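> Heads up: the protein sequence lines correspond to chains H and G, in order. Going by our numbering, the letters in the first sequence line up with residues 3 to 123, in that order. Going by our numbering, the letters in the second sequence line up with residues 739 to 1452, in that order.
If you're looking for bench data, these hints aren't it; they were derived computationally from the structure. Accuracy of the hints is not assured; some may be wrong.
[Unchecked claim] Derived contacts from chain G toward chain H, CB cut-off under 8 Å, selection only:
#1 Phe746
#2 Phe750
#3 Asp773
#4 Asp774
#5 Gly793
#6 Met906
#7 Pro908
#8 Asp936
#9 Leu937
#10 Pro939
#11 Asp940
#12 Cys942
#13 Gln971
#14 Asn1383
[Unchecked claim] Not everything, but these chain H residues come out facing chain G in the computed CB check (under 8 Å):
#15 His47
#16 Val49
#17 Gly103
#18 Phe109
Predicted model, so just to flag it, every value in this text is computed and none were measured. Virtual Cβ for every residue (Gly too), placed ideally from N, Cα, C.
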Amino acid sequence: MSKMVLVVDDSTSMRQMVSFTMKEAGFEVLEGSNGQDALAQLNGHKVHLVITDLNMPVMDGMSLIRQLRTRPDFKFTPILMLTTESQESKKQEGKAAGATGWIVKPFRPEQLLQVVSKVVH
Amino acid sequence: MQIDMQRFHAAFFDEMAEHLATMEESLLSLERSPDDHELLGSIFRAAHSIKGASGTFGFSQIAGFTHHLESLLDRMRDGQVRTGSDLVALLLRSADVLSVLLGAAKDGAPLPADLEEVVQALERAQGAANQAAEPPAAVEHHPVGHVPASREYQITFAPGADLLRHGMDPLLLLRDLAQLGELAAVSVDTTRVPHLADLVPDECYFAWTVRLKTDKPLEEVQGVFIFVEDSSQVTIQQESSTLQTTSQGDAPGRGDRPASASPSDARPVTQSAASDASPARTMPAKSRTSECSSIRVSVEKVDDLINLVGELVIAQSMINEVLGQLASDNLPTVQEALSAMNRSTRDLQERVMSVRMIPLASVFRRFPRLVHDLAADLGKQISVEISGEDTELDKQMTEQLGDPLTHLIRNAVDHGIELPADRLQAGKAAQGTIGLRAYHEGGNVVIEVSDNGRGLDRERIRQKAVALGLAAPDEQLNDEQVYSLIFAPGFSTAQRVTDVSGRGVGMDVVKRNLEALNGSVSIASTPGQGSTFRLRLPLTMAILDGLSVGLNGEIYILPLLSVVESFRPKSGDVKTVAGRGEVIVVRGKPVPMLRLHRAFHTAARAADPTQGLIVILEHQGKHLGLLVDELLGQMQVVMKSLEANYQKVEGLSGATILGDGQVAFILDVPGLARLARSTESGPAGPAECSHTQSLRQPETTEERQAVAIVGSPR
């Protein structure tokens, strides 16, 4: 059974790129356009990895990470956040919120997969 | 894996256009309320998103430029730079540059000429003290200068207690290390495991010591621990050189950082050299940002669907027809089922059509900026009021509306709204208002462009028309007739030619554009109080409300929107005017007449007009009488292109398939008007029937439909 990744980004093109890359790598993909939408998409799915942007409308990535970590089924799930080079402080905040790691934008698909391989078998 | 980033470009450019529009919209609001933090936040987010995405998709020039913009916005957000009107002007200009840059990236248009200038202005605005960080290089690589040499590292890794709760698996890290080279020795330190009673199951108590043989540099080994170095104890010693290091927080993928040599200090590094500016803050979502989940589908796919549904509608009405001719006992049951299918098919058709619909907001949103800039150029004060921007219209039509609307709005700014002094003198507020309103009416969408300016100058238009030979000096014209004169080619009453409008091309193009969309335009104006241009458009061009007429056993479809009325002429109503061809006298006024069968070189059952019917059509404010055999009914038809399957035929805009499977041609009214001029008047010259001979124009579609003698089959 292929693994499920939840991709959360308000930017359609970024979401497309991440989702496509993950699908090519054999993942199944759930997509959310913001934190709230992502939570709504879960709907009982077993998720093996979350990749989320931080700056998003309605519910930002930080809140999403915090909310996910309170759920028993997400206690040990790797969560990667998409940051930019100017968001050094966000990394700390994200770690404190429960994020596993981060990917600095801009990144290429190969780099994304490299980081993913650090947190998922 | 090689992934072609181009496949994401369509979504990218759509998105960039949206961000740019948001940025502009917010900037215009910011000008009015410079202290609004929400607005600044939304502008910043837009810039941030543009930078992030353009970097990712390989548009480093856009990313680089946006970086400057973002830095300035960041400082504005922090209150280090005050928002002033000159700053807003600079930001608007930056948005323009961005727009040109995006255009350049999209279609290879030339780069903005003032790129460097704007970049420098942005830097100056940030204050010289803060040297802007270099824009991010799109992608960094590890320096490859190293000569691979075998090294040995001694690594100890003691995970923080909450490692597992952060979703990290320590075994993955060991596996990562193993991929760098050869794991010579791995030992587990279990001394931290507490007594069972004290054990928390989701905490990590183990620590590992690993000996790694690899030719990789230290940075790469450190890179393995990048996500855990803050919370875990990691020491890496290079055996040969006894270099000892503890990795510390930094961006991943950067190979050139100096290795710090303080093994004991593995606490999180909070101070960061890169950005001391902004404390992290979460931007609350704006309530008015309506988030609707949507998918992007290519227009071709939707068109295919629409075509298929069209076929379905046709097939279904064919069954209806055939069934009507059959007589059988269980026919009522079949008919019941069919009428149910009828309803669902029509519902399905409507739903599928609606997929192509997009809100007019996408075209409306550009106008506040346009008005703002034009008004500033002309020294006028103008506010824009938009309503009904949620009204939906066919995507293609919405896009094609941009030009005519821009023209009308330019005109309203230039000719409609007066200078502040003039307005005050006229007892009006110094600030004028331009309204942009959209709403549904009947099966149509109406868009109104209104201004509360000086209104159209009836007398000047009339004089100009007389001077141009469009009207006779002694003609009695009603308001509507006078106003419709401004749609004539070459007509412009601007007393001076300005930058903004009045270049001679104008309203006639607006009208032509709208007619190409099967739409129409009308004007209402009150001197001193302003003008309103009403555009009326069908919801879509794929389906046409038609009036079917018969000629020699064939069926032709006329667009209902062009039909004014129809009647059977009495003998003596048809006259021949020298050099003008035939005319039909309608209520005492002559209207040019075209015998459809002559235009198409076919026979007619009613070659004698008094045996046939005249349909009065309207095109560009002029009327044309079309002689046909009979009127058959009103129906909605699915338009099929002739050009795609055959070739363009003058006088026809397409074809459709009727319920009985028969093909019917759809008549093109502008084309018929041209045919009328060429076939009836000869090549001598255009003998146009001017507005003076026009009929009273019915005010509304409803009225037209009432005037037109139609029997509706449905």
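> Confirm or reject each hint.
Here's how the hints hold up against the structure:
1. Phe746: 5 Å, holds
2. Phe750: 4 Å, holds
3. Asp773: 22 Å, violated
4. Asp774: Status violated, d = 17 Å.
5. Gly793: Interface hint status for Gly793 (chain G): holds (3 Å vs cutoff 8 Å).
6. Met906: Check passed: Cβ of Met906 (chain G) comes within 5 Å of chain H, closer than 8 Å.
7. Pro908: 11 Å, violated
8. Asp936: 20 Å, violated
9. Leu937: 17 Å, violated
10. Pro939: 11 Å, violated
11. Asp940: This interface hint holds because 7 Å falls under the 8 Å limit.
12. Cys942: The hint is violated - Cys942 (chain G) has no Cβ within 8 Å of chain H, the shortest such distance being about 11 Å.
13. Gln971: Nearest chain H Cβ about 16 Å off; hint violated.
14. Asn1383: 35 Å, violated
15. His47: For His47 (chain H), the interface hint is violated, since the closest Cβ of chain G sits about 17 Å away, which is over 8 Å.
16. Val49: 11 Å, violated
17. Gly103: Since chain G brings a Cβ to about 4 Å from Gly103 (chain H), closer than 8 Å, the hint holds.
18. Phe109: 7 Å, holds
The structure shown violates the earlier hints numbered 3, 4, 7, 8, 9, 10, 12, 13, 14, 15, 16.
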